[in-house]
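Trainee: As a plain string of letters, each chain reads:
There are 2 protein chains.
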Amino acid sequence: MIQAPYLLFLGDAPDMLAAKVAIGIRDWRPDAALGQLRLEGCGADLGLPDMSLTEAREAGARTLVIGVANRGGVISQAWKKVLVQAMEEGFDLASGLHNLLRDEEDLAAVARATGRRLHDVRVPSVRYPIANGLPRRGRRMLAVGTDCSVGKMYTAMAMEREMHDRGMKATFRATGQTGILITGGGVPLDAVIADFMAGSIEWLTPDNDPDHWDLIEGQGSLIHVSFSGVTLALIHGGQPDALILCHEPTREHMRGLPHFGLPSLEELRDLSLSMARMANPRAQVVGISINTQHMSEARAEACLAEAEDRLGLPAVDPYRHGAGRLVEALTAL
Amino acid sequence: MIQAPYLLFLGDAPDMLAAKVAIGIRDWRPDAALGQLRLEGCGADLGLPDMSLTEAREAGARTLVIGVANRGGVISQAWKKVLVQAMEEGFDLASGLHNLLRDEEDLAAVARATGRRLHDVRVPSVRYPIANGLPRRGRRMLAVGTDCSVGKMYTAMAMEREMHDRGMKATFRATGQTGILITGGGVPLDAVIADFMAGSIEWLTPDNDPDHWDLIEGQGSLIHVSFSGVTLALIHGGQPDALILCHEPTREHMRGLPHFGLPSLEELRDLSLSMARMANPRAQVVGISINTQHMSEARAEACLAEAEDRLGLPAVDPYRHGAGRLVEALTAL
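Same order as they appear, the protein sequences are chains P and H.
Just so we're aligned: the first sequence equals residues 2 to 334 in our numbering.
Just so we're aligned: the second sequence equals residues 2 to 334 in our numbering.
Rather than coming from a laboratory, the hints here were simulated on the basis of the structure.
Don't take every hint at face value.
Said to hold, decoys possible - Simulated restraints, written as ranges between beta carbons of each label pair:
1) H260/H with D210/P: 42 to 52 Å
2) G262/H with E298/P: 48 to 58 Å
3) D104/P with A110/H: 22 to 32 Å
4) S275/H with G313/P: 18 to 28 Å
5) M169/H with P259/P: 45 to 55 Å
6) E329/P with N209/H: 46 to 56 Å
7) E89/P with A110/H: 28 to 38 Å
8) M169/H with D16/P: 52 to 62 Å
9) Q294/H with R72/P: 53 to 63 Å
10) L18/P with P211/H: 39 to 49 Å
11) D271/H with T332/P: 29 to 39 Å
It should be emphasised that the depicted structure is a prediction, and the values quoted were computed from it without experimental measurement.
For each residue, glycine too, the CB sits at the ideal point set by N, CA and C.
The following block holds chain P by itself, in its conformation from the complex:
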């Protein structure tokens, strides 16, 4: 686990787009986002207090989280200076960068000397088991998508927030780098060795209270030929009781695959359900989450009403309307 609270390092991010990870942490883990640290020329601003390393330590920060992509995959000397100083001041470091902190000899040496931890969340740090398929106590929801990047993480995060607001027991279970940096833990599923994928998800969603919900972040899509195997491992390892279908209706082809059209919600429903029932015969599809960000309000409402009518399931855009109706669909199970 990555120790919270965090000081969010924005480096020399040219704009807000480059600070996507930091924005995710600020929006979804505000209690952990103590402040921001910006270098000269930084064009991003999270609206959080600007803090020096010393100020942040005094305010209780435990980990310096790199909340920004590095240019050209190189950790620059300007960054290194801050990262080294942070460890000397007592911070652990956390990063979702493609190039790993641990592979930088100087950072690794300082970490050893200071006893600080380097969290490279892009690679697994755990030896996961082979999945055993045994039923587990507690309940599980998995967001599945017609495609990659249609709002599966957002849906599960919004549901967790709504459930906590209602006093329900729920835990968002991160399966990607951004989700891990937001929550402080999880499984970087796309980097797990093939044989251990399903086992890593069993490990992530262990026995729990009977009224506790794991809200599992989806990855890829059963219908996306590049990543479908990852998605199936998530379905079989997660043993979800409830599936939520996620969709982005304006997309013209599968992400990265211009020659593949998108499946219908019905196709996603039938396929996901037949796969999920192999591992958990009680699995149900309970709702639809539609990402309407590229639609006018009127068009979004019409699209949601049409999907709801066609599939006979609550259909919402959690960004526009909150996740309340999806949570109610879970509790009705």
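Knowing the structure of chain P, use the given hints to seat chain H on it.
Mentor: Quick look at chain H alone, frame taken from chain P:
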């Protein structure tokens, strides 16, 4: 690629069971199996000429292949002596052991000094691409199973041999450690990083002559919850034109999952076909391969006839009857 021909190292294998990999190479790649090297106390005998390292080099051997499991996961000093000497005599080394040759400091040092290669086929040596899903020239067959270890590799190997005997263009494509050591190349799919699984299979089965068949070794099963994601990546990366259903009818539960019963051949057919057609709309199920090793001749014949009648597809046990009818089913496509 691992350079053939091989000298097969049996070490101090207590019995034939321990020499399973070497037996596979002898049976399926006899041209590459020049001889065997046995240490004192070895209880296995492949019926190949016993050769010293020097004799084998003079006969043209290029690689010393460890064809036996090591006891307790330790490469003993007795083995090391032979492995070091082999490199000094000019052999590359190849191994499917869990503990890697490259992790043994002394072996790695001698390999560097002598310029010899250490092939640890249990881990990938290639940086595979993300799958792009583009159609490729040439044709592809994939063996899919109701369970793990039901005869998928054997079926594809028997078909390759039969197709070569008939003068057809065909290549067995290994996706597991034993298959890789038998053929000298392939993808150790169970050890590939999740995001690159489907891409590794695209890489393994590239564009080819229109009348060439890739015979892809299956792994796991879509219905086996521990490994289903690996199988789906194989289906979507392989884009098979033809599927052959593999089954072992005496098994009482899924391998390693005592609480999961086996699916029917019909369930395997429907599920595999719907998945395969996402990547290749022309995919067909063309035949059934049943492993009848635990049945009497009469019971085996009855079982095959019943399956053939029920599914309307040729059903054979390639071990008992050869793979001729499965090959004819491919050519009829």
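Trainee: So, for every hint listed, does it hold in this structure?
Mentor: Hints versus structure:
For the pair H260/H and D210/P, the beta carbons lie near 23 Å from each other, so the given range of 42 to 52 Å is not met. At about 50 Å, the CB distance of G262/H to E298/P agrees with the hint of 48 to 58 Å. Taking 22 to 32 Å as the suggested C-beta distance range, the pair D104/P and A110/H conforms, at roughly 23 Å. At about 23 Å, the CB distance of S275/H to G313/P agrees with the hint of 18 to 28 Å.
The hinted window of 45 to 55 Å between M169/H and P259/P is violated, with their beta carbons roughly 35 Å apart. Taken as a hint, the range 46 to 56 Å holds for the pair E329/P and N209/H, whose Cβ atoms sit roughly 54 Å apart. Taking the beta carbon of each, E89/P and A110/H are about 37 Å apart, inside 28 to 38 Å as hinted. M169/H and D16/P have their C-beta atoms about 58 Å apart, which keeps the hinted 52 to 62 Å range intact.
The supplied range of 53 to 63 Å is met by Q294/H and R72/P, whose beta-carbon atoms lie about 59 Å from each other. Between L18/P and P211/H the Cβ separation comes to about 46 Å, which falls inside the hinted range of 39 to 49 Å. For D271/H and T332/P, the hinted distance range of 29 to 39 Å is satisfied, since their beta carbons lie about 34 Å from each other.
Of the hints listed earlier, those the structure fails to meet are numbers 1, 5, in rising order.
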